[in-house]
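> Listed here are the chains, written in short residue letters.
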Amino acid sequence: MTDILVTMQQELEAALKRKPEERRWSMLIDLRKCVGCHACTIGCISENKLPPQLKYRPVHEYEQGQYPDVSRTFLPKPCMQCDKPPCVDICPVKGSDGATWKEEDGVAAGIVAINYDKCIGCQKCIAACPYNSRTIDKGAFHSDGTPALQKYETMAAFEYGKPLRRTKEDNPKGIARKCHFCVHRVANGMLPQCITTCIGRAGYFGDANDPKSTISQVMKANRVQLLRNGKGKKGEDLKPRVYYIANQKLEVLYAQD
Amino acid sequence: MPRTDMTRRDFLKRSALVGCGALVASQLDFAHGLIARVEAGELTQFEAYQLMQAENSLYSVCLNCNTGCGIKVKIMDGVAVKIDGSPYNPFTLHPHLDMKTDLKVGAKQDGAICPKGQAGHQGAYDPYRITRVMKRAGKRGENKWQSIPFDQAISEIVNGGILFNHVSGEENRKIIGLKALYAIKDVKVLEEMGKDVASLRKKKTADEKQKAIAEFKVKHAANLDKLIDPEHPDFGPKNNQFVYWWGRKKGGRSDFSKRFYDVFGTVNTHGHTTVCQGSLYFASKAMSEQYVGDTFKDGQKFYWQPDQENSEYILFVGSNLFDGNYGPPNRTPRMTQRLVDGKLKITVIDPRFTKLASKASRWVPIKPGADAAFAMGMTRWILENKRYNAPYLAAANKAAAAVNKDTTWSNGSWLVKLDDKGKPGTFLRAHEIGLKEKETRKDKDGKEFNFEYLVTMQNGKPVAFDPNDDKSAVTGELFVTAELRDKDGKAVKVKSGLQIMKETADEKTIAQYAEICGIEAKVIEEVAKEFTSHGRKACVDVHRGPAQHTNGFYNISALMNLNLLLGNYDWKGGMIVASTFNTDGTKNDSQPFNLGKLKPKGGKQFGLSVIRHDAKFEESTLFKDKSSYPAKRNWWPLSSDVYEEILPSMADAYPYGAKVVFSYMGAPSYSLPAGQTQIEALINLDNIPLYFASDITIGSTTMYADYIFPDLHYLERWEMQGSHPNMPVKVQPVRQPVIASPNEVVTVFGEQQPISYETVWLALAEKLGLAGFGKDGFAKGQDLSRPDDFYIRMVANIAYDGKEPVPDASDAEVDIFLKARKHLPKNVFDADRWQAIAGPSWKKVVYLLNRGGRFDSQEASYKGDHVANKWGKQINLYQEKTAKCKDAFTGKSYHGMARYVPIADVLDREPVEQSKGYDLHLITQRDVRMTKSRTIANQYLTDSMPENGIVIHTSDAKKLGLKTGDKVKVLSSTNPEGAWDLKNGRKKTMVGSVQVTETIRPGVITFTLGHGHWSTGAEDVTIDGKVIKGDKRRAGGIHANAAMWIDPHLKNTCMIDKVGGSVSFYDTKVKLVKV
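Here the protein sequences come in this chain order: A and B.
Using this note's numbering, the first residue of the first sequence is number 1, and each one after it goes up by one.
Using this note's numbering, the first residue of the second sequence is number 258, and each one after it goes up by one.
For the record, the hints were derived by calculation from the structure and aren't laboratory data.
Any given hint could be a false lead.
Quick partial rundown of chain B residues pointing at chain A, CB under 10 Å, derived from the structure [as the list claims (entries may be wrong)]:
id: 1; residue: Pro384
id: 2; residue: Asp519
id: 3; residue: Phe559
id: 4; residue: Thr1254
Below, a list of computed lysine to any residue pairs in the SDA-like style, where the Cα atoms sit at most 20 Å apart [as the list claims (entries may be wrong)]:
id: 5; chain 1: B; residue 1: Lys1289; chain 2: A; residue 2: Gly145
id: 6; chain 1: B; residue 1: Lys1289; chain 2: A; residue 2: Phe141
id: 7; chain 1: B; residue 1: Lys1286; chain 2: A; residue 2: Asp144
id: 8; chain 1: B; residue 1: Lys1289; chain 2: A; residue 2: Pro147
id: 9; chain 1: B; residue 1: Lys1138; chain 2: B; residue 2: Lys1120
id: 10; chain 1: B; residue 1: Lys602; chain 2: A; residue 2: Ala246
id: 11; chain 1: B; residue 1: Lys1283; chain 2: A; residue 2: Phe141
id: 12; chain 1: B; residue 1: Lys1060; chain 2: B; residue 2: Val1002
Covered stretches of chain B, as calculated for chain A (at least 3 residues, CB under 8 Å) [stated by the list, open to error]:
id: 13; segment: 331-340
id: 14; segment: 1052-1063
Glycine included, each C-beta is placed from N, C-alpha and C at the ideal position.
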């Protein structure tokens, strides 16, 4: 018996040795096991030193039915890391050195990335994403309104493997931000933060191209769904990399939003 | 963003540029394990990730709730920047990594913790922390403070005097200090007086008692001035007027304070248990009382929980373990996959459709307070349908249990005597019917004691037995009603325990029980059938829900008895107990520091406590005869740590007022029902003349203190967390300093240390000249002058408990240990000092601290079909000790058999009057994002949950014209204004946002605890004349405890469970008014 957090991390080490083009980093969330604790949301905020009101991975809560035949469902929602991302298509800062792109090389291959130095804060990507996965950084601090800014808030986070400090003078204010599957952890053989702090073990991460990986096995054994059936606002196929297992059709839940 | 891979050289250059020079050294090491990727040309600046290095990882224990999950605190530049679960600790990985696992592997493997744990460091970096001693500059609770030198505060508390002449009205108020209360120091005097008081208490009549008092006064004439009241010697010495109480305190810190008060000699040391789930603890204590000699004793304040990773069916009653209940990170992963796979089925009994209910196969939205009715309905069905474990229940003693491979046994087959009205009393002793005579036996230490055989029935004939006999098995008939003859031929009516259970259950039909519960009868039957369909792999798990009612004790007893009907205790998938490694060195001879011996001989304290615990009213000098009923306040022969009693009892001076009060990490004004009554007591200068506190902020109770000493945050200090009964693995998680403290550094016993809880005790001991502290405090050459003197010794003891000690740390591990602590100042961590304390144990201490404690392996936690760490003793189905206690208000005996008892005040009046005009039943809940009073400082949490709300059913909302988001005020008959009276003209109305839902029983409303603060940074305070602005986020949401009923007889305390001690959290009727 091994905790899947240990197993999946071992698989991750092995997957890192494979060629980027052979790998497909994917996430699977089993809503039957999600207990709505929000540890993923807050673990992610702490890991990435996110400011107030900026969540890379919110957990939506839904209630259905009439007393006493009711249900409650919790739906964590990271960035889907679409293979055909509308947010990238619409970004005006294009080119090989653009503001956002679908990474194809190295450990981060498959991730929709943002270069904070290049983002102009036009917010077009925010509107384009059907999953509301992008948020504008308002430049705030958690200690705002208290007697003192705290040092931990200004310490480096490691998004995209680059130490990023957040100071009053220098922070990504006005820039679009989003989940990146914690590639800085993945690159180091560690699972994304939301997966490792999932107390229900509802989250899976790994190489979906490896049929022996835990994520592939669980996907194979269950009926898997995509949020919004993987469709963009114009009905186009987005090919998201985040999959769900649920007792019901996700649209039913998502329609409540 | 690395669009193209960087070379290693580029990476190092980049690192230096961004000021991460420290990385360069460790980079080599780190890269070592990544050779494959170097060869693949993939090594990139991604390796800048500092949070995965063993040198940056320190292991400790969370305390944002009492689950106490193991944590890995990740440090950069001396700052705790990230917290994750410790992979070595079974609370965050299942199974956890073996302790032998290399630290570098551990550093990369994060365990799962809850959002409160993830946000934990924000409590340490709370801008509202106090770092110097605060002395009141205005009236109590006026939020005006001055910072003063530590030594001044200690002097004032010890010496007393006119201390608040700067406060209007207190110019001439003279305060008695601790020195004057350290009245009896002579151990012999203390013991002699204690003995005489004990015999005085055994006198049967008031006259005899008066005679004994007169004799006592003559005999102890020289020391009468040292008593609180010579007319009532049973109140004890003035030492008892030092009252110390606490909220969240664990092992280690408990031992530290005990060392002080054992020498000082006060009986007034009280915990907070009854605000949490006291009646669960004390009902379990009653069930765990052992038959020793001729009486029941040695019951443990503890309880059982299911081995949920092996159960097939669990009935959760008022137990919401995805949000609380010791707790989400450890219990959830042991269940979710098994629920999905259908290997575990659960039923949830709760008026609210909790997160746990969302995973249940059945939700039973019972009426609050009806839990025992449900349990007794199930009991009736199980007995009628013979679905109980008959062989288990027939076993009368240990040997008989062993025949069934059981390690526990009940008293279901023992015979109980009935009084002339047929009421069950005590168990029949064999000598009473001339069956077998008493014996004089000797205990382990050769001390003689009286032993009396008990009686069970075999084939209609009484048989004598010894319940602890492990050689000759004795079984008995289950259902017995008989008339025996005593030695004189007089009739003795008896019934077996199980027969009493059956008759009690039969007092109502299942339909009647169901009606009390507000559900259909078939639900009780179906649940009972399911419960009895899984052998011993089914459990009832109970927590606050059934416990926090006026009938809590019997709710819990009735529910726990269901487990006895299955005989599931100690079995895999059954009910289990917590198991921990010993810290005080009293377990085995190889442990280096026997703290039981390394201390001065203290006398045994005596006297009644201010909460009258472990004491019978009838034995006190306050009791004359039957006309003494009802008592002014309750007496607690079966319970202790009765939180709601402490402050109001002192204010009532019943039995006496306090002189000096010290509180640690507790907020009764916030956490207790009708908490405003606690505030009323806190401002009572007459009966609580001096109150000092240890806290990390100016809290919702400590704001009423005279002095507040800054404490350390849990990331800055020591503690021995222990375990919980749902954890099959034997553990001892160690909380240790992982960051420096911002507190003022002071000198005590010549040692520099940041002000802490321990520093306060040490300084008081130094000032009072208390033995056992300071130089040679433990023994010659062994000082106790700072926290690490105490705790390093405990860690060494843990290392040597068990069959084998832990291994020594290798040199490489010692190196990591030192590097990981390089940011800690010498007044916290000094390797040489620690090594000197530990002596030859040092490398084991390092090994253990490198993993945040000691943890057995998953494999070692089970043996065959049993858990390895067993209860292994008798469990009472019928409670003789309970039956022998009397209700201090009515004078009636308590029931020895669990039953349904209606909600009532202390005079047994059902709350009909209080309910008139108030139609909604108020209960509370937890959300995993908040602990009661401390997590409001964690902004990640308030950002996620800015406010709680009043959760109400659609139909009730419709009647009141309410929709989600509407603001309402909560009113009750004992708080018709719907406000907290914070005193000094300040009030906080109880207004919250409505959340309309289908997921709650109609007629019931709830709110989650943790919001609606008026202190802890929520409001402005003045310190040294400067206004510190509060953070409005901390006042968000509603805290409706002040609406909860005040007991009409007590008048200054919430409603209570007078048997088990719990406060009534879920019995009040309220109304909502739109604002």
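> So, for every hint listed, does it hold in this structure?
Results of checking the hints against the structure:
{"no.": "1", "hint": "Pro384", "in the structure": "holds (4 Å)"}
{"no.": "2", "hint": "Asp519", "in the structure": "violated (40 Å)"}
{"no.": "3", "hint": "Phe559", "in the structure": "violated (25 Å)"}
{"no.": "4", "hint": "Thr1254", "in the structure": "holds (6 Å)"}
{"no.": "5", "hint": "Lys1289/B with Gly145/A", "in the structure": "holds (8 Å)"}
{"no.": "6", "hint": "Lys1289/B with Phe141/A", "in the structure": "holds (15 Å)"}
{"no.": "7", "hint": "Lys1286/B with Asp144/A", "in the structure": "holds (12 Å)"}
{"no.": "8", "hint": "Lys1289/B with Pro147/A", "in the structure": "holds (13 Å)"}
{"no.": "9", "hint": "Lys1138/B with Lys1120/B", "in the structure": "violated (33 Å)"}
{"no.": "10", "hint": "Lys602/B with Ala246/A", "in the structure": "holds (18 Å)"}
{"no.": "11", "hint": "Lys1283/B with Phe141/A", "in the structure": "violated (24 Å)"}
{"no.": "12", "hint": "Lys1060/B with Val1002/B", "in the structure": "violated (41 Å)"}
{"no.": "13", "hint": "331-340", "in the structure": "holds (count 7)"}
{"no.": "14", "hint": "1052-1063", "in the structure": "violated (count 0)"}
In terms of the numbered hints stated before, the structure departs from hints 2, 3, 9, 11, 12 and 14, listed from lowest to highest.
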